[in-house]
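Peer 1: Take the sequences, apply the hints, and build the full model.
If you read the sequences in order, they're chains A and B.
When you number the first sequence by numbering that gives the first Met the number 0, it's gap-free, plus one each residue, and the end is 618.
When you number the second sequence by numbering that gives the first Met the number 0, it's gap-free, plus one each residue, and the end is 350.
Hint data in this document are derived by calculation from the structure and do not stem from the laboratory.
We put the CB at the ideal spot given by N, CA and C, even for glycine.
Treat the hints with care, as some may be off.
Pair by pair, the computed Cβ-Cβ distance ranges are [said to hold, decoys possible]:
| # | chain 1 | residue 1 | chain 2 | residue 2 | range |
| --- | --- | --- | --- | --- | --- |
| 1 | B | A111 | A | I267 | 37 to 47 Å |
| 2 | B | Q193 | A | D336 | 58 to 68 Å |
| 3 | A | G367 | B | P161 | 53 to 63 Å |
Some chain B residues flagged as far from chain A (calculated, every beta-carbon gap over 10 Å) [said to hold, decoys possible]:
| # | residue |
| --- | --- |
| 4 | K158 |
| 5 | K165 |
| 6 | G214 |
| 7 | S284 |
| 8 | Q308 |
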Amino acid sequence: MFLLLWVYTFVGFYPVSQDTIPLAEVEVYAPALDRFAQGQKVISWEKAELEDFQGRSLGDILQEQSPVFVRQYGAGMIASPSFRGTSAGHTAVFWNGLPINSPSLGQSDLSILPISSIDQVSLQFGNAGALFGNEAIGGSIHLGTNSEFGKGLQAGITHQTGSFGLFNTNLFAGFSSKNFSSKTKVYREFSKNNFPYKDLGRIGTPEVKEDHAQFEQIGVVQDLAWNLNSNNQFKTAFWWNKTNREVQPVMGSKTKDVQEDQAFRAVIDFFHFEEKSVWNLKTGFVRNEQLFNASENNSTQYFVAGDWDQEISGKWTSKLGARYTLTKGDLSTYKADDERIELYQSTKFSATENLSFAINLRQLVYSGTFAPFTPNLGMDWSFWNTNTQSLLLKTSIGKGFKVPTLNDRFWNPGGNPNLLPEESLSGEVGLNWSKKGDLNWTQGLTYYKMSVDNWIIWLPKGSVWTPENIKKVSNQGLEYQGSLNGHLGLWKWELATSYTYSKAVTTKGTDENDQSIGKQLPYTPQHQANAKVQVKKSGFTSSIGTFFVGERSVTADNPRMMPSFQLFNFGLGYDQLTLGKLQFPLSFQINNILNTDYQVLYLRAMPGRSYQFNLSIFL
Amino acid sequence: MKLNQLLGALALISASFACSDSGEEKPLGKYNNGILIMNEGNFGTNDGEVYHLNPNTEVLLPNIFEAENLRPFAGLLQDLVLESDRLYLVANTGKVEIVNPADFKSLGAVSAELDQPRSLAVNGSKLFISDYGPYDASYATPDSYVAVVNGLDGGVVSKKIPVSNKPQDLFSFGNYIIVAGSEENKIEIIDATQEAVITTINLEASPRQFYAEDGILWVYAVAADEVIFYTVNLSSLTLGNTYTVPVTNATGNIAFNGDDEMYVLTSSGWPDYNDTVLSIDINGSTSTATQLMTGSGFYGIGFDDNLNQVYVANSNGFQGNGTVTVLSETGSVIRSFEVGRGPSGFLVYGN
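Peer 2: Set out below in structure tokens:
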């Protein structure tokens, strides 16, 4: 996570390569996510690691390769993240620095954020209200597109065919010179999703084929970057994504709901570089259109932001910024506007090469109301270093908040304009041990503790549901992550493992008789683990991955538990097939090898074993 | 019991009010005694279930459908209809499960062709199932129907008889099925042989529930500021007397105690959310309504004829399991206990 040091990328902007900086490629500037995130846990996947998940969604990679639990409502259906036992509304999601959670729902559906459309994913864990603002309570997800200068013409096509009518195609073409870069991606993902499952809602529990879960998604991503001169750079990105789904009914129901989601997202960044500082002006636009049967819910957000990142001295770095957001909601039952202004400030103090501190502050004002002020304090201390080994201690404490969503405040009937923002406090300590040699490893163990107050829940009052600031929740847990790699003869091998223990308990409920008090939150497994082993030799790659999700309850009072499950996936690839300048990477995947019958959420059927062939042609 | 004595061979025990089959000698099974508690379940979760309560020992058996059939009920439970050897579990998610009332083992189902079934009545060897029909684009139900199934253990729907919007309770008598047409304030009468509506009676309020007692069929109907009890003359199929009681915000939930007294739930709805349990006493042409309990989240009501106790179900906001509070006839709280999700009604067996 120290790869993205600001200096590295800052210098990286200059097209002239310098002997002292080992730059592999010349990148377009992107402010590093963890520049002021000392003490916080951040994990990232780069393009190569995302390749294995081409044709799948962000929800899949989070479920299979991170400590995040993903609540999946079926194959290709709504998938919402749960970081550290919090709910989907406690996860901020960014695309190229713009917050993209739906302002009416206050969350994102990970199933319609396709991996094909993004080049980089980072996850940050724990409260980061100061660094990332609204909804960064359990954590935040940062998606990015990258463009590069000086690469000439690049193009490719990838096609995937698989079980249950899977048929994906994606194309990309890019051109870049020393001072201009353009990249276009076009994709279509389709699945019939007619997988067989045991229908528990029918007498005799016959095996039937799912007949109402078809998924079709198309999209275009366009990235452009210019160097105006050696001090000024423009960067824009545009993303249009449209998904049409048949909504998979819960077993025992025959609903034939259909849902169309369309999103337009655009961002323009202007960077001005001075010797020891970077100015960033950012403006953006996010429009969400959702059509559920005949009910239409739309929202538009406009953003204007600016910040100034400055190296004051060798030890002190600071960033000062502001953002204005105008939201216009045009929902099926109400229309509402919301204006937000936020100011933020970050300071980093590097006492020595091995010890640094960060203090981050943010204040947001929405529709004239002050959200909780959120400070955050963090430290990274690499306190033991030898030639081959190091121990790094990370610790932080901070606050987070969630402004009531437009639906919470304005839904008609039931919306509650008097809701308070949710407020959270969290702290964590992590120890990372890394070793280099014939056998390389990194091992990390993090303990966190968090509480969320004024948690908003919707309750029926007569025939109308209305939200209230009712709950208080206390979470704590342990996260272990390890990776190990080495050689065995000519084979390169790699093992990655993770285990998460999460205890998320309701401490205050609707009243003193609330049966949920002292019990684990619904759909929040206490135990989760995953592992992946990969071997490589002369262009061949083979991997087996597994993930385990522990028992979880259907409701907050825990009378009904869903059984744990473990799935295995297999992958095989060869990437050295070439013809002249053309490359033909091939791969083959088996998901759910053991054909395990499982549900993530109660009575939501999930597919058994499936196969997928991937063929690409790259220029 | 009164109903059987009165109507001879055709017995109807409908919906969420108490009835019993004490007129016949039946082997006493594990579940065909005491009280069955119907838990509707949560929308989108389909976790409807039945609990069994022995009111004397207070022993409560949870999720008895799943326990006896080793599969979840997987539906939203709208109604329980007991018909001699069979208990019909009507799920508004689109099916009817049929179990043996003694041991709750599955006997059959109607699982195709239904949309949003609400209640069921048996006539001869046919099942009649009231169904809202599918929602249209604006969540209206213009295609409501009563489905016909030939066979008491379920099977396929052989015919859908169009009726007025949102049919609720059904009552079987002679060769007729009487339908409570809740949205258009109508009672429709179906000839069970012809499988067609032959007569329609217009009402001043929305009919929700039938109840037969001492040779009289009562219709419970609700309007904004009053509830109306109609009587139906079963030989001429015409309306008899009408009793209007000024009760505001009444819901369709009612339990009859068999002595011209009934218990209804009211809810003021948004934004005050005050729910009440009222006892209504009809005596000659006068009626009195007495408030027994107030609260929030009342979702079903029942009456235990044997112990003279009122059962009030509370959904607890569907956040988890609901609770049941047992009241005396005068409204004092006897006890309270946790049941399944969204408890919505009770089926009380006689002694």
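Peer 1: Taking the hints in turn, state whether each one holds.
Peer 2: Taking the hints in turn, this is what the structure says about them:
A hinted range of 37 to 47 Å for the beta carbons of B/A111 and A/I267 is inconsistent with their spacing of about 55 Å. The hinted window of 58 to 68 Å between B/Q193 and A/D336 holds, with their beta carbons roughly 59 Å apart. Taken as a hint, the range 53 to 63 Å holds for the pair A/G367 and B/P161, whose Cβ atoms sit roughly 54 Å apart. Consistency note on B/K158: stated as away from chain A, and its beta-carbon is indeed over 10 Å from all of that chain's, at 19 Å minimum.
Here B/K165 stays apart from chain A, with its beta-carbon at least about 15 Å from theirs, past the 10 Å limit. Consistency note on B/G214: stated as away from chain A, and its beta-carbon is indeed over 10 Å from all of that chain's, at 36 Å minimum. The beta carbon of B/S284 sits about 32 Å from the closest Cβ of chain A, which is more than 10 Å, so the claim that it is off the interface holds. The claim that B/Q308 is not at the interface with chain A holds, since no C-beta of that chain comes within 10 Å of its own (minimum 21 Å).
Checked against the numbered hints above, the structure violates only hint 1.
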